[in-house]
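For the protein sequence lines, the chains are A and B, in the order given. When we follow my numbering, the leftmost residue of the first sequence carries the number 61, and every step to the right adds one. When we follow my numbering, the leftmost residue of the second sequence carries the number 61, and every step to the right adds one.
For the record, the hints were derived by calculation from the structure and aren't laboratory data. There could be a bad hint or two in this list.
Identical copies go unnamed one by one, so any copy, or any two together, can satisfy a pair.
In silico SDA-like cross-links for lysine to any residue, where the CA-CA straight-line distance does not exceed 25 Å [as the list claims (entries may be wrong)]:
| no. | residue 1 | residue 2 |
| --- | --- | --- |
| 1 | K67 | Q169 |
| 2 | K171 | P135 |
| 3 | K148 | R74 |
| 4 | K163 | S126 |
2 protein chains.
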Amino acid sequence: MSFNLNKATEILERTPDVLTSLLEGLSDEWIYTNEGGETWSPFDIIGHLIHGEKTDWMIRAEITLSDGPEKTFTPFDRFAQFEESKGKTLSQLLTEFRDLRKKNLITLQSKNITDEDLDKTGIHPAFGDTTLRQLLSTWVAHDLGHIAQISRVMAKQYKYDVGPWKNYLPILDR
Amino acid sequence: MSFNLNKATEILERTPDVLTSLLEGLSDEWIYTNEGGETWSPFDIIGHLIHGEKTDWMIRAEITLSDGPEKTFTPFDRFAQFEESKGKTLSQLLTEFRDLRKKNLITLQSKNITDEDLDKTGIHPAFGDTTLRQLLSTWVAHDLGHIAQISRVMAKQYKYDVGPWKNYLPILDR
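Please construct the entire structure, taking both the sequences and the accompanying hints into account.
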């Protein structure tokens with residue numbers, strides 16, 4: 061299958077529900093434990109997704125759609141959540157993400173994006189030209205990648221408890 | 061964190077909701093496309109999870125808890141879903157999984173499992189002795205592993221559409 065705006069939106073609009081069903085109401089150990097070292101916990105990942113909604117996807121889409129002279133995206137801060145999520149509960153973050161995503165999808169829809177628009181380009185600070193189609197595809201894959209990551213981080217909490225079953229669970233070695 | 065029956069149940073009981081929010085109502089292309097070759101689509105994976113509820117987890121837990129002479133588990137059929145899911149819709153499979161999981165968790169709770177019970181053993185046909193603690197930990201990690209797999213399978217549908225962003229999305233190479 062290849063990129064289609066309606067089908068991409070099917071994923072983007074359900075991510076808040078997926079994250080809520082995956083995390084809301086879980087014990088703190090599930091929420092705040094990471095994969096060791098500098099890796100991210102589920103709590104950290106939701107903060108990262110919020111920062112993306114605030115500073116990345118739709119802002120970059122608007123730059124890409126614009127005819128302005130400055131088409132280079134501002135670099136994304138991958139560590140912003142460690143400051144921004146401080147003092148908040150997971151439940152607050154899930155609500156914040158839900159509200160931001162909803163607002164961004166309303167903005168996206170208001171653009172009435174055409175096939176021609178999908179070929180418009182913006183400039184990524186690291187690798188240069190990227191089309192709107194590529195940016196929106198990445199938004200979808202990025203959501204799904206972080207849902208997979210959250211599942212993996214939680215699965216790994218039982219890495220040792222599974223004992224001899226470990227060989228049947230490739231997720232524990234990723 | 062290490063295995064705890066209540067915290068394990070927190071995950072097991074929410075998996076039907078997670079799968080529903082992840083998949084219910086999606087276009088067929090998201091549901092029936094796999095990662096190529098003999099890999100599984102999201103539809104196949106739900107069938108596999110149903111077969112586990114029917115023939116694996118609680119049945120093996122009951123064998124493990126029993127004092128009967130025969131403690132060897134029946135080998136699990138990893139391909140049963142290709143026959144069993146035929147003619148069913150994804151929505152039917154999600155409901156079937158939800159009902160089976162609910163029934164199995166009621167059975168699990170009815171056992172009033174003690175710490176001593178968690179050390180009881182059954183015999184896996186491939187690797188031998190395994191405790192109830194290991195079996196139940198595996199049930200949890202197996203759920204999370206397949207949620208991650210479904211997310212990955214869907215993310216990979218945009219493997220080429222993301223263009224130069226591919227290097228930022230490790231999920232696409234897993």
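- Query: From the Cα coordinates, with 25 Å as the cut-off, is the pair K163 and S126 best called within, between, both, or neither?
  - Reply: This pair counts as within: shortest intra-copy Cα distance 19 Å, inter-copy 55 Å.
- Message: With identical chains, the pair K67 and Q169 could be close in the same copy or across copies; at 25 Å between alpha carbons, which is it: within, between, both, or neither?
- Response: Classified as within; 13 Å inside a copy, 40 Å across copies.
- Query: When no copy is specified for K148 and R74, does a C-alpha distance of 25 Å or less occur within a copy, between copies, both, or neither?
  - Reply: both (23 Å within a copy, 23 Å between copies)
- Task: Using 25 Å as the alpha carbon limit, work out where K171 and P135 are close: within a copy, between copies, both or neither.
- Result: Cα proximity of K171 and P135: one copy only (24 Å, versus 54 Å across).
Violation of the numbered hints given earlier is absent; every hint is satisfied by the structure.
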